[in-house]
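Trainee: Residue numbers (my numbering), protein chains in the order written: chain A, 14 to 180; chain B, 985 to 1083; chain C, 2 to 628; chain D, 1139 to 1651.
Because the hints were derived from the structure by calculation, they are not lab data. Careful: at least some of the hints might be erroneous.
Straight line, CA to CA, 16 Å or less: simulated EDC-like cross-link-like pairs of lysine to aspartate or glutamate [said to hold, decoys possible]:
id, chain 1, residue 1, chain 2, residue 2
1, C, Lys490, C, Asp84
2, C, Lys600, B, Asp1079
3, A, Lys153, B, Asp1040
4, C, Lys5, C, Asp84
5, D, Lys1442, C, Asp578
6, A, Lys36, B, Asp1074
7, C, Lys372, C, Glu449
8, C, Lys162, D, Glu1580
9, D, Lys1252, D, Glu1169
10, D, Lys1513, D, Glu1587
11, C, Lys163, D, Glu1580
12, D, Lys1248, D, Glu1169
13, C, Lys113, D, Glu1580
14, A, Lys36, A, Asp98
15, A, Lys102, B, Asp1076
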Amino acid sequence: MEILFYIFSILIIYSSIMVVASKSPLTSALYLILSFFVLAGFYVILDMQFIAAMQILVYAGAIMVLVVLVIMLLNLEKYKNIKTDMHQKFISGLIFMVLFVEIALFILTGAGRKPTGIFTSEVIKRVGNTQVIGEFLFTKYIFPFEISSILLLVAIIGAYLFAKKRF
Amino acid sequence: MPLNDYLIVAGVLFTIGVAGVLLRRNLIVVYMSLEIMFNAVNLGFVAVSNYLNLVDGVIFVIFIMVVAAAEAAIALGISIALFRVKGTIDIDSFDELKL
Amino acid sequence: MDLKSVITWLIPLFPLTGWVLWGLLGRYIKDLTGHLASAFVGVSFILSLVLFYIVSNSHGFTATLYPWIYAGRLGVNVSAVIDRLSMVMLVMVTGVGGLIHVYSIGYMKGDKGYARYFSFLNLFVFSMIMLIISNNLLLLYVFWEAVGFCSYILIGHWYHKKSASDAAKKAFIVNRIGDFGFSVGIFLLFLTTRTINYESVFKIIPALPSITVTAIALLLFAGAVGKSAQFPLHVWLPDAMEGPTPVSALIHAATMVTAGVYMIARLHVIFSYSPVASMFVLFIGTLTAFLAAFIAASQFDIKRIIAYSTISQLGYMFMAVGIGSYTAGIFHLISHAVFKGLLFLTAGSVMHAMAGELDLRKMGGMYPKMKITALTFIVGALALSGIPPFSGFFSKDAILADVFSRGFYLSWIIGELTALLTAFYIFRLIFRVFFGQSNVDPKLHVHESPAVMTYPMVILSLAAILIGFLGMPPFDHSVFYNFLNVDFKNAAIFAPFVNNASWVILSLISVLMGLLGILAAYILYIRKSVSPERVKRAIGPIYSLSYHKVYFDEIYDFLIVRTVLGLSTFFWRIIDDAIIDGAVNGIAAGFAFFSVKVKRIQNGMLMSYALTFAIGVIALLFYYFIR
Amino acid sequence: MDFLLSHILTVLIFFPLVSVGVLLFVDKNNEGLLRNLSTILSLVEFLISVLLFIYFKPGTYQFQFVERYSWISSFGASYFLGIDGVSLFLIILATLLTTLSLLSSYRYIKEHVKEFVILMLILETFMIGTFASLDVLLFYLFWEFMLIPMYFIIGMWGTGRRVYAAVKFVLYTLSGSLIMLFGLIYIFILHFDQTGNFTLNIVKLYNTRIPLGLQILLFIALFLGFSIKVPVFPFHTWLPDAHTEAPTAGSVILAGVLLKFGVYGFFRFGIPLLPEASIILAPVIIVIGVIGVLYGAFVSIVQKDLKRLVAFSSVSHMGFIMLGLFAMSAISIDGSILQLINHGITTGALFLFVGMLYERAHSRQIADFGGIARKAPILASLFMISVLASIGLPGLNGFIGEFLILIGAFKNYMILTIFATSGVIFAAVYLLWMFQRVMFQEITNPALENFEDMNLREIITIMPLILLMVFIGFYPVPFLDRIDPTVVHFLSQLNRHAFTLGTAAKIKGMSNA
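If we strip away everything but chain A, and leave its shape as in the complex, we get:
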């Protein structure tokens, strides 16, 4: 397990850096897909197979297809040379470092809370990943769930409006 974790960690960090660093948007997109798959792997080792499946379906499947499609549609390959100036690089780098240090400190100094819930890995395995999530989703979180459907509807209409030729 630990081996898997380290492999995944190195892979996801590498692919994320490549997303940011690649010149070509298409390359970035492909690296992003890779990172999504790796993340799904993380979910599996955290005993959340359902989320892993969702991750691959929604992110790697739906969203990235959309992104790649847009990149193709707009023929963005010819915009490879939108360069970042040094000034910007310097400030971003600085912020990157400071933010990282702060987040790391934040995590390391965070007060350790003890496990409180009843859904240990064993319970989840016994009951079934999907059933546990489904019960929560349709009981305790039913209201946000319904709202999110409205959000999606709005997004569909909004995307349609934006992509239309004339407003």
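Position chains B, C and D against the provided structure of chain A, taking the given hints into account.
Mentor: Only chains B, C and D this time, still in chain A's reference frame:
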């Protein structure tokens, strides 16, 4: 694996995402960096949820995915619309918010 | 409610209904309005007579209709006080009012606002009735203003004329100035006595310190000064002659302007417990009586002359109530209502014949063409001049005799001088209108007025002859005195009416003054042995003082109107626009200036926004650590 | 019926919103249906509010029709509604004036009809909500929400410098309200410190004990919020602009209802929360009020624009109301509250008339008018009644209110009351002069030759107000019966709280007056 290891990975991912947003001027890449930040947060949620033996964090991840999907549709729609108007997706060329 | 109360409330109900009916239906029933309106007032008159009969054979009473205002410690009912005083007034108002309604049918014929005219004339009668019978100061004040409002509407009846609408506005506002004092008087009264019911007030007044009573009385008197057009608020009444003549007769001679006198008589307890205030009333009355007669002597507008005469006669009434001779004041009020109403009606008849012409200089020699008018006019004039046996003699003489016998000799002398002037100006009017050579525009067809106008004049002139005998001297033994004086029994801090054997001599002096005035007018305008021009030159400045009405309008215009307008403009332009709004807009401009500087941050670059955002996150996390 | 009566305030508050829901389904081009439907729905709302009057028990100061549900329990906010004799009439006034202003807009509002009627109904919800809330948070939310529809009403359908006026209105009132919010929160926290539990229930907050110095500071904070809304003398300059540029319906609601919130705020919050400070600062406020009376009257005299004139006359009238409220005697407060209602009726009617004149002549300048009485006798007569009511002619409503205020205030503030009384003279000057120049004399402006008289719709719009003017003038007892117990209780509370100050004796003297 201890919780902190997952969180450190999530933190690294998050900062990479931030750096991407700040560094890149290509709108699509900026959007992709945002997705990296989302993913970092998702990872953190699932890890903590696993550690605390709760399911609520996972539910949040689902909602974040919903939002991300909606956001993807809108963001890409806006990109297309902007591209149509400006002929470029260089972020610095979009300064209509200036007063 | 018993029968008496029902009758009491029916009296005002009829004119009130009339107001609503003619106001709503006037345009459909057209010419019938006048007759119906007169009939309504006639019914009120008959009911008043019935009530008069009931009251004169028994005691007065109070009739409550409904509770009106109850707030905190203040409780006011709509209720009526019916006693001999209010009955005398009621009969006079409905009687004279009814006659003037009838007269108006002829006078206002064909007028565009015929229905409106009668509607508001009815409302006026209603308000006047309520003013008379109200049993507390607040209700009195309500109808005090209501009659003022009717007067406003009726003066401005021909509102398309600027002069008429100006006059209406002036009347209302000048009255308001008086009413300002009146209302403060009510406040003070309520503050000290905790009630505004007449009966309760009268019980408490004797116990109050004299300074308070004086203050209350003077403030209330301010209202009377406004309403009864006394100096210095008399300026509205002459202008009010812009209204139709029957209105002048009813409102500005017979009834509304006498409300001030009635109010003092009604509140005689308050006034009689304040010698200072009463002296002041006497002073104002005397001054006004003389001043108005003085101005009247040189005017050329016949209605204005009679208007000044009204002011002057009201001055006499205030002299009477000022010395505590309330019965004499009311008696003069009644007889004045009759003969002054008569004078106005006849003046209206002249106007009617002359197609609205009012200037003395364009008249003359009209006696043969309109005999009824002329004769009734002369009756009225003789009554005004105080020639026996016309009513004015008895009533004015009662006042002057009382003033003399109570020792106010200066007032008496001025009063007698005024009587001389009175006789002079009214006979100057008669001689120049009805006699002498005619200056009438030959195109005008001068004619006698229709019967519907002459009958009221004849009835009033008969009344002007007969009514005086009710106060047959010596006044304190007369029918009227015995009838009415019981209502003033609580007033007695002044000496009662002095039965001075010298009343015969005093009467003779008065009559002599009247005759002298007539003689002077005769010499100047009929015999013409002395030319008026020569007299005018001889008394130069005095004449021009009189001719320009002692410059009151000019002084007020300069002192008050201009000051107020200037101050208003200053407040508006300087304080409001420049200072306050300047400060407000200045703050806004300051923000605008500041934001121009700040808006450079808002450069529209997405990256810089993201950068700021990231720095903010870092700062927040940093704060978390150092906390 | 029982359900309706026990939840009548909720129904009243949300019925307009439901109406908005109905109206949303109407095609925006179907203007006739929109207008008729919105008027009918607001009429239904008005009729429900009349039930309030019918079932209101007079003779008690207790809050009636109380509804209370927990809302945000973590800091004690609740959905707490209830009315007493004061808010009863203000709610009815709001529903009546909304109906009438919708009815009056048939001709005035030609564009964006749907948006207009919807905004009016939303505004109605907020107005009623503000009057009915007994919870500070709920009150404040409704109070601020009111600005939004009003902003759009002025900004979209106004005339001339309407955007300037709208922005000025919102910023002016908002800046005051925020300071007021600060004061209210401070009191809320003080109450927590003293009792250890969070509550926003206004009746409980009344019991907060606050040291005098702090009270005065807090009172100034609250004063700024409320007095801008009133408006009190130096803070009044938004009013003429907003009134002048707003459409008729906006002016009617603004003058008729929105101005009442300031005084209502003092009555419900300012004075009972901070009794000692109110008593100490009362003379100052009365001076300001009297200055407002005279100042508003003076400035009105020289106005050239009809709406500005009426607006400045509002400043004058609101000065009277402030005088009455802070004179703190039962009679004067009764008068103030009654005058609030009267001012809503009278000034509302005046604005309706100015609107009618504007619709016909397309001008508000006094100089452009003259001689209208002959062309439009009905308009002239009814306008005259409203003008006279505003002047305070006895027999009409304005007199009762002014008289009660002045007679009540006379004891403690004799000289100031006399000054205020003289404002009555100036009211006659500016209003009658205006009336003369508009209605009387000959027609000089050729544009007025075809001036139409009022049509049936306009008569129906104006008649309820005219009838109320006469009714209150002659029979104010049904109103005073309901106001008086509330006011007496208000004063007795003030008295109870004022012991610490040693001013109890003073208050006692006041309440006797």
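Trainee: Run the structure past the numbered hints and jot down the numbers of the failing ones, going up.
Mentor: No hint contradicted; all consistent.
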